[in-house]
Structure formats: C-alpha cells, structure tokens
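K.L.:
Spelled out, the chains give:
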Amino acid sequence: MGKTIAEKIFTAHLRDEPFPGTYVLDLDRVLCHEITTPVAIADLEARGKDRVFDNTKIKAVIDHVTPAKDSKTALQGKMLRDWAHRHAIKDFFDVGHNGVCHALFPEKGYIRPGFTVIMGDSHTCTHGAFGAFAAGVGTTDLEVGILKGVCAFRKPKTIRINLTGTLAPGVYAKDVILYVIGQIGVNGATDRVIEFRGNIVDEMSMEARMTLSNMAIEAGGTSGICLPDMTTVEYLWPFIQNDYPSKEAACEDFRRWHSDEDAVYEKVLDFDVSKLEPMVTYGYKPDCVKAVAEMAGARVDQVYIGTCTNGRIEDLRVAAAVLKGKKIAEHVRGIVSPATPKIFKDALHEGIIDIFMDAGFCVTNPTCGACLGMSNGVLAEGEVCASTSNRNFNGRMGKGGMVHLMSPATAAATAIAGVIADARKF
Amino acid sequence: MKKTFGGPAIFLDRSDINTDEIIPAKYLTEVTKEALKPYILEDLKLEGFDPKGEVLKNARVLVARENFGCGSSREHAPWVFEVNGIHTIIAQSYARIFRQNTFNGGMLAIELPQADIDRLFALGKDGAVEITVDLEGQTLKARADGSEENFSFDISPFDKALVQAGGWVDFADARY
Chain X
1 MGKTIAEKIF TAHLRDEPFP GTYVLDLDRV LCHEITTPVA IADLEARGKD RVFDNTKIKA
61 VIDHVTPAKD SKTALQGKML RDWAHRHAIK DFFDVGHNGV CHALFPEKGY IRPGFTVIMG
121 DSHTCTHGAF GAFAAGVGTT DLEVGILKGV CAFRKPKTIR INLTGTLAPG VYAKDVILYV
181 IGQIGVNGAT DRVIEFRGNI VDEMSMEARM TLSNMAIEAG GTSGICLPDM TTVEYLWPFI
241 QNDYPSKEAA CEDFRRWHSD EDAVYEKVLD FDVSKLEPMV TYGYKPDCVK AVAEMAGARV
301 DQVYIGTCTN GRIEDLRVAA AVLKGKKIAE HVRGIVSPAT PKIFKDALHE GIIDIFMDAG
361 FCVTNPTCGA CLGMSNGVLA EGEVCASTSN RNFNGRMGKG GMVHLMSPAT AAATAIAGVI
421 ADARKF
Chain R
1001 MKKTFGGPAI FLDRSDINTD EIIPAKYLTE VTKEALKPYI LEDLKLEGFD PKGEVLKNAR
1061 VLVARENFGC GSSREHAPWV FEVNGIHTII AQSYARIFRQ NTFNGGMLAI ELPQADIDRL
1121 FALGKDGAVE ITVDLEGQTL KARADGSEEN FSFDISPFDK ALVQAGGWVD FADARY
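Read top to bottom, the protein sequences are chains X and R.
Each residue of the first sequence is one higher than the one before, counting from 1 in my numbering.
Each residue of the second sequence is one higher than the one before, counting from 1001 in my numbering.
So that you can see chain X by itself, here it is in the shape it has in the complex:
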C-alpha cells in the first residue's frame, strides 16, 4: 500500500510511538516569534532547563508587534532577543531585518521538502507549500520542541484536493482557497492534512502555493501540503545549489517525497475552478464566502494589504497594477505592509511603493500589523476592513470591527472604489 507525502515524512522522522496512534517526530525546524515563545522561555528557565536542542534548527523573529509599541511588547521582544543571544541562535531577526515569519523563513531558504516544522503560530501550515509537514502548535509543544527537538502528532489522515481547469484572468490563489474553505467549511479538515494537487497547483508560483497552504488551518487542517517540483527547486536554488549537481537532480531528489500513486486518502475532492470568480468573505468565519459580485458596493473604512497570506512581492505587484495612476477613496484608510525587508526593497526598486503612496496608502514596516488587532491599524467599533489576511473572526482586527477577506487585486479595487469592488472592472 502506497504512502501519502505526510505519511512518508512521518515515517522518516519517527522518534517514538509511546502509544498506538501517537507519533513523536524529530523536528527539522522549530520556528519562534515573540508572542508565543516568551512564556516557553520563562517556563524552561523556571524548570532549570534553559537549553535548546539544536541552535541551528531553531529560527526566531520578532514580527507580531515591531518595533515594540509599549513596555509589554518591549519585554516580549527582549525575552526572545536575550534568549536567542544566550543560546547563539544565529538566525534571529530583529528590527531592521525582521518580517512576517511565514514569509521571512521561506525567503531565507530554511524550509525544504520532507521537513518537519513547528511554530507557535497557527499559520505555520504555510510552509507546507514546500512539501514539508508544517504545523502550528501552542507554547507547550513549542517548549518541548525547543528543549527536545520533538513533537507529537496523531497519524495524519489526508484529504486530497484536486484543483483543475484554468484560472480566469483576475482570479488568484486567494480566491481559490477562499472557495475551497467555503465548500468544506471551517471544520472540514480538522485533524487532517490537506494535500493540494492538480494542474492549478502545478502552475502556481511558490508565493501562490504559500497562499493556499496558509489558509489550510482556516478549514481546521493540520498542514496544507503541495508536492515539491521544479517550481520549488527554482525558489530554493540559491540555497541548495551546492547540494545538487543540477536543478534536475534536485527535482529528482525531491520526488521521493511525492505521494505514491496508490496512496490511500480519507477523501478526494475535485474542484474545477475554471468558472471561479473573485471571492470575498461576508461573515465572521472564513467559510462565509461569496463571489465579489454578490458583495459589490458594501462600504469599507480601511483596506489592509499584507500579512502572511498576501504580503509577498507577487501580491504587491498585483495590487499595484490595479492602483497605478489612481487614488483611493477619500473615506478609506489604505495600509500596506510588505511582509519582509527584501519584499519592501524589491517593491521600492520596482516603483511599487511609489504607486501605493501616490494612491494614498500608508506604507508600514514589515510586520503582522493589523491582521490580529494587537499592533497598528486596529479598527474602531463598527468599522469595516477589506483585508488580504486570513481570518475574519468577530473583533479580530479590533473590538467591534468587521473584516472581509479577499485577494490583493480585490483589496486594491475596493480601496479605489471605497466599497467592495471587482478588480477586473478597473
């Protein structure tokens, strides 16, 4: 009987099976940020176990609130910073070098096919775009990961989602994943791995695949995995070129992680997305999804472009193409947060920052920012934000605020119109 990619990764990393059905895996990466890690650090200190299992496999960043906004966030940053220095964690990213974790770590080449990755952040599933088993965990799992380099999981059941057809112009990975979540529901993949397959995924860039994988958790998924291919190799090539004689050789090596032809899936879902339109959420759950056409005209107060879902250079390019030569509506506050310093610089050099600023956007430093309402860009009671982020829970971006999730193109069009709008008409 064949294996899925998740099963292959589990087999290759199995440290222990303390009870039937519980798999303790060796970890290739333990990623840390300043919101969920400090309590783990404090607890390790209190236990007299202020150690790390491998300081080359641990990567850390201050990204949720940066630069610090008050004494409390300054303390969180300090705790992570001191800890990283104390343990000589070389790959630690502080102000000036920091960016949104799920954009920054892939950009640095830290994630490889077949890796096991945990982080105290639910959107860690993003890294599954590289053919890794990447899962969000809480602080205790993170703490054990830091100390012992292991994490426990139940044996993964996999839902295979085949995305086929041709994406219409103006329809993006974000529209695809919003549609999929709308179809399977916020609980549709709980305790499951989603394996994204089909020609639509094959044709996607790594950035677009990261957008897909990023939102697997919004359907409850443990991880959202894409199979590694030449697109993966091209993205990683600067980091792996000394490991392989050629790109073809790297691609062939990565193939060992591919699910077998006779792998067993719990469920296989086929979606032909040829007729898909731009999508947007309308409620307080990510599965409350409609076509933009059905929501067109709904007023917004703020437009937020950025985050681990859609703050990459490809996203900014798409939004800038819509915004070029135009002004955003007078009543709209436009905020754009390039996800990493590299993305910021690329956007600067490509003239994208000019386009955003000329349109009337405020450009912030790379940070998670408004997405979770604990930093800048918080909404007032009753306000509405059109956002490229991944979560629209009640009050997510500030108490009493409402968030509509959408693609960067739709967000840009909405900023110009001041109401939810279809970018294809601009």
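Mixed in with the good hints there might be a few duds.
[What the hints assert, rightly or not] In silico negatives: residues of chain R with every beta carbon more than 10 Å from chain X: (1) K1037; (2) D1118; (3) G1124; (4) E1149.
[To be verified] Beyond 10 Å from chain R on every Cβ pair, some chain X residues (computed): (5) F10; (6) D50; (7) H258; (8) A296.
[To be verified] Taking beta-carbon pairs under 7 Å as the criterion, some of the chain X residues facing chain R (in silico): (9) T22; (10) I35; (11) P38; (12) F393; (13) G395.
Don't read these hints as lab results, they were simulated from the structure.
A virtual CB, placed ideally from N, CA and C, is assigned to each residue, including glycine.
Add chain R to chain X, keeping to what the hints say.
P.N.:
Using the frame of chain X, we list chain R on its own:
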C-alpha cells in the same frame, strides 16, 4: 502537577467558538498566565452570557458544541480557563491545536457525541449543573436539581498520560 477535574458547569450553546473570542489578541502582550485572568471570553457575544457574571466565575467545567477553540495556536486560550479554575472542557469536537494545548497543560478536553452534548445542554436548561469526572473509568456524572445523567467518554492513551503526568513537558522530559 496533576489537576483536579469537575465542578459547576457553564454552558456556551454555540459551535466554532474561536480563540479570539476566548482571549483577544490584544492581551497576548502578557508574559504570565495569571495576567490573563480578567479577560476570559471577553469578546464572546452569546445571548445570556456575561463574561463578568457569577456563573462563569463559579464554573469549573465548560460545555460547548462543535469545533471549540478554532483559530489561533495561542495557548493563552486554555491558560485563561486554567487561571480561572476551569480545568475541564466538554465539547462535541475541538480544533486540533486547542485540544492538544489543553492536554499538553494537563487539562481535559473531553469529546462527546452530539446526542450526549444535547443531553447535557438539556440538563443545563433546568438549572445549575454539577459535573464529576472519573478519568480512570472515563465516565462523567452530571447532576441538576434531582436529575442525574451518566456519560462515558473516550480519551486517547497519550492524552490521558499527559493529564496524569501533569502535562507534556514533564512527560517529554522524562522520556526523551
């Protein structure tokens, strides 16, 4: 350290109660569990529910519907229950990370089928409900005003071991 389970219950009659409702992100600037205490369920909008009310204050058990704890990985969600004395959560289903966080902290995230959850809610409609938990026997007893309902529950051997060890750090430290 092993926790104690059971006591007066609070009923939250809704599915998909998410981590932002349990503990809003603005409080994630805290670096101790204790500091979270006053903010429990602050953003949960649910008819008849008062996050500052006596019922929540006295509760030691929380009962909800499907997909409880969906959303963020923040362990602050089970912590805010822990520091308010709620060590037992009973729901039809959980989001994976929340469920694991709860067991990792040595607390109970008990899953019951819908019919059992319905029975519990029905009991809760008649007044205060007191729940006792027998972890060894994997049974629950719910009492309300003369009525009593009994339930049995499944728990994975691993999660049970975590609860008995007092949490995942102690378990992992002893073994790896």
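K.L.:
Could you check if P38/X really has its C-beta closer than 7 Å to a C-beta on chain R?
P.N.:
holds (5 Å)
K.L.:
Any CB of chain R closer than 7 Å to the CB of G395/X?
P.N.:
Since chain R brings a Cβ to about 5 Å from G395/X, closer than 7 Å, the hint holds.
K.L.:
Taking the minimum C-beta separation from D1118/R to chain X, is that value above 10 Å?
P.N.:
Holds, since 18 Å exceeds 10 Å.
K.L.:
Looking at H258/X again, its CB stays over 10 Å from all of chain R?
P.N.:
holds (25 Å)
K.L.:
Given F393/X as an interface hint, is its Cβ closer than 7 Å to any Cβ of chain R?
P.N.:
Check passed: Cβ of F393/X comes within 4 Å of chain R, closer than 7 Å.
K.L.:
Run the C-beta distances from K1037/R to all of chain X and say if the shortest one exceeds 10 Å.
P.N.:
holds (15 Å)
K.L.:
Are all beta-carbon distances from G1124/R to chain X longer than 10 Å?
P.N.:
Holds, because the least Cβ-Cβ distance between G1124/R and chain X comes to about 23 Å, which exceeds 10 Å.
K.L.:
When you look at the beta carbon of E1149/R, is every beta carbon of chain X farther off than 10 Å?
P.N.:
Fine: 26 Å to the nearest Cβ keeps E1149/R off the interface.
K.L.:
Holds or violated: is the Cβ of A296/X farther than 10 Å from all Cβ atoms of chain R?
P.N.:
Fine: 27 Å to the nearest Cβ keeps A296/X off the interface.
K.L.:
Is the nearest CB of chain R more than 10 Å from the CB of D50/X?
P.N.:
Consistent with the label, D50/X stays out of reach of chain R, its closest Cβ about 13 Å off (over 10 Å).
K.L.:
Evaluate the condition: distance from the CB of F10/X to the nearest CB of chain R exceeds 10 Å.
P.N.:
holds (15 Å)
K.L.:
Does the CB of I35/X sit less than 7 Å away from some CB of chain R?
P.N.:
Check passed: Cβ of I35/X comes within 5 Å of chain R, closer than 7 Å.
Comparing the model with each earlier hint shows no violations; every hint is respected.
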